[in-house]
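**Student:** These protein sequence lines are chains A and B, in that order. Just so you know, my numbering puts 174 at position 174 of the first sequence, and the rest follows in order with no gaps. Just so you know, my numbering puts 526 at position 312 of the second sequence, and the rest follows in order with no gaps.
Possibly wrong hints are sitting among the right ones.
[What the hints assert, rightly or not] Straight-line Cα separation of at most 20 Å, EDC-like style, residue types lysine to aspartate or glutamate; simulated pairs: (1) Lys211/A to Glu402/B; (2) Lys210/A to Glu569/B; (3) Lys20/A to Asp37/A; (4) Lys323/B to Glu89/A; (5) Lys170/A to Asp443/B; (6) Lys106/A to Asp37/A; (7) Lys323/B to Asp171/A.
[What the hints assert, rightly or not] One side only, chain B facing chain A, incomplete, derived with CB under 10 Å: (8) Pro315; (9) Thr330; (10) Met573.
Keep in mind the hints are simulated off the structure, nothing from the lab. Computed from a prediction, not measured in an experiment: that's the story for all the values here. Every residue gets a Cβ at the ideal spot worked out from N, C-alpha and C, and that includes glycine.
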Amino acid sequence: MDTSSLLKKYIQYQLENGKKPESVYIFMKKLKKTDADFFAQFSNFEALDRYFWVHVFEATRHKLEADAQYGAFSAAEKLSAFYFLWTQELMQYRSYVLYLADKSMKGINPMDSALQDFRHAFLDYASNIVSTGIAAGQVADRKFISEQFKHGLWVQTLFLLNFWLKDTSKDFEDTDAAIEKTVNIGFKLMGENLFDEVLDFGKFMFQRAKKSFS
Amino acid sequence: MKTQERIPKTRIERAAHIAGAGVKVGGNYMKHYAKKLVNADVSREELHKDNAGDIYETLSTLKGSALKVAQMMSMDRGILPREYQEKFQLSQYSAPPLSAPLVAQVFRKAFGQPPTAFFDDFTSKAVAAASIGQVHKARAKEKWLAVKIQYPGVANSIGSDLRMVKPFAVRLLNMNKNDIDNYFDEIEGKLLEETNYALELKRSMELSAACTHIKNLIFPQYYPKWSSDKIITMDWLDGLHLKEFLANNPSQEVRNRIGQALWDFYDFQIHILKTVHADPHPGNFLFLEDGTVNIFDFGCVKEIPDRFYTPYFRLVDRNIYKDSEKTGAIFRELELLHADDTDADIAFFTPLFKEMINMLTLPFTKETFDFGNETYFSGIYQFADKLIDMPEVRNSKKARGSRHSLYINRTYYGLYHILFDLKAVVNTGNRIFY
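Produce the entire structure from the sequences given, and follow the hints as far as they go.
**Tutor:** Here it is as structure tokens:
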């Protein structure tokens, strides 16, 4: 049994039962497999939890690298393209992510240990983007601060994840707008001229909030 | 056009901006009347110029449907004096661009693949802006195509943008709140329709097909397989916008040919199809030196209900005015007069409406009409000015005129305006295509 079908069964189990399997043994027995099959790939369920996020991230990166346009994109465009594809990739797991968010009550928690492997992989990717941006002059090379940009991008990633989870717009087009706007803000913050975009985004969120109350 | 220093984005900030224009306009009026006290010769024209500058500066810092409303107001020449016109028309050509990844995303959501999967060439940057989206140039084999892509979330912002412009319109256009509410419903409905590209595609194909027989008109071919509710793909069109076209000094013959084609196009739609391309804005046409016109952008289409069509066009017949009872009945059908109007109201408004209708329908009553006729047009503007100056009109608490008239009048104003700019002499009397 390969990792991705193991992941699929694991997700399926949780969605159908509303909780994690009691043990690896019971879980594998239900699949008519031995627990050795499981331990050959993962040490426990927590490892599988972490693998889920890394898996989605890697799948997104593969698709990005296969895209002919991607290489020619500016740093900001690369990041947007990543978010667009990432949210698209997550779509097939939406029920599962909603289930995870539901369990932690307040959406996906950034401190969740399951996110940490994904976080490291993303930070690598993000610092690449930032240095491309610096090289092309799209990102200001500010002493000590430039090093921290990638952490800002990680916060943005989680923000977009939770935005997407709550998005009720048709075809999730509000998520697309949020990506476009946050990436613009992010790069303005990293470059110059920040207020325009912050205000634009504020208005966007304000209208949305108003809509959901009326 | 000077580049914007910054774009106001929050609702509050935008609202504040609009209030700013209101205050400034108020100031301009004050200045006008103060000057007039000292010197009676100060022209309204100067006042309008001051106002237009301030309003334009305010509106041009807005985006989205506020921009669209500016465009609407700029169409309605009867409401808006000439000095406001040219400035507002600039607003047609600016909008925030979508990033290349977002364009790819819109494509992926519609067709599962980015544009590069369908086209041999696809400009990563937009080649032209539309008020709710942008146009990319693409190539599939030998064919050059125009791909129009809509900005996500436009439909959601229309309601709130219109609510913001409303108080502003009340002040600036001397329209009362009743009129505005009545008309804003109609405008909001039409704007929402414009965000539905699937509907636009369907209408574009139907109306183009129905009008292909009209001479000197060129319609692009549309490609449903590359279109969705956010994307419309059609043939790439050459040609010049009205202003640039006229800058090349086309001959009178070419102007007439184009004027005739446009006249026939509208005549046929209004009287035969009863469905009309209700956005005769110069930006929606491309003119060619050989006297042909490219027509595209059927985003705004008005269907004319019979209960409006019949009374409206009965008024073209001058004999009807001899019978004041009949005239009154028609005015009531068109909601120009209301059942609860006093005798004084009727006595005041009836001749005004007669004069207005006489003026607007004048081209229908002639065999040929010279749209280059300055006196005709300045007569219309003077009349509009006269209306604005009348306290009875300004203080009227009732809406006058059916909501359907909004887009029909706009269509005629727009058409007349283009024909006036073309200085075309048009055969308006005989309907050659019947």
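**Student:** So, for every hint listed, does it hold in this structure?
**Tutor:** Structure-based check of all given hints:
For the given pair, Lys211/A sits about 17 Å from Glu402/B by alpha-carbon distance, which is consistent with the 20 Å threshold. Taking the CA atoms of Lys210/A and Glu569/B, the gap is near 47 Å; set against the 20 Å cutoff, the hint is violated. Straight-line distance between C-alpha atoms of Lys20/A and Asp37/A comes to about 18 Å, which keeps the hinted pair within the 20 Å bound. Between Lys323/B and Glu89/A, the direct Cα distance comes to roughly 12 Å. Compliance with the 20 Å bound is thereby established for this hinted pair.
Restraint check for Lys170/A and Asp443/B: satisfied, since their Cα atoms lie roughly 11 Å apart, inside the 20 Å limit. For the given pair, Lys106/A sits about 35 Å from Asp37/A by alpha-carbon distance, which is inconsistent with the 20 Å threshold. Distance hint between Lys323/B and Asp171/A is fulfilled; the C-alpha atoms sit about 8 Å from each other, no more than 20 Å. Checking Pro315/B against chain A: minimum C-beta separation of about 4 Å stays under 10 Å; hint holds.
About 6 Å separates the beta-carbon of Thr330/B from the nearest beta-carbon of chain A, less than 10 Å, and the hint is met. Of the supplied interface hints, the one on Met573/B is violated, with its beta-carbon coming no nearer than about 43 Å to a beta-carbon of chain A, more than 10 Å.
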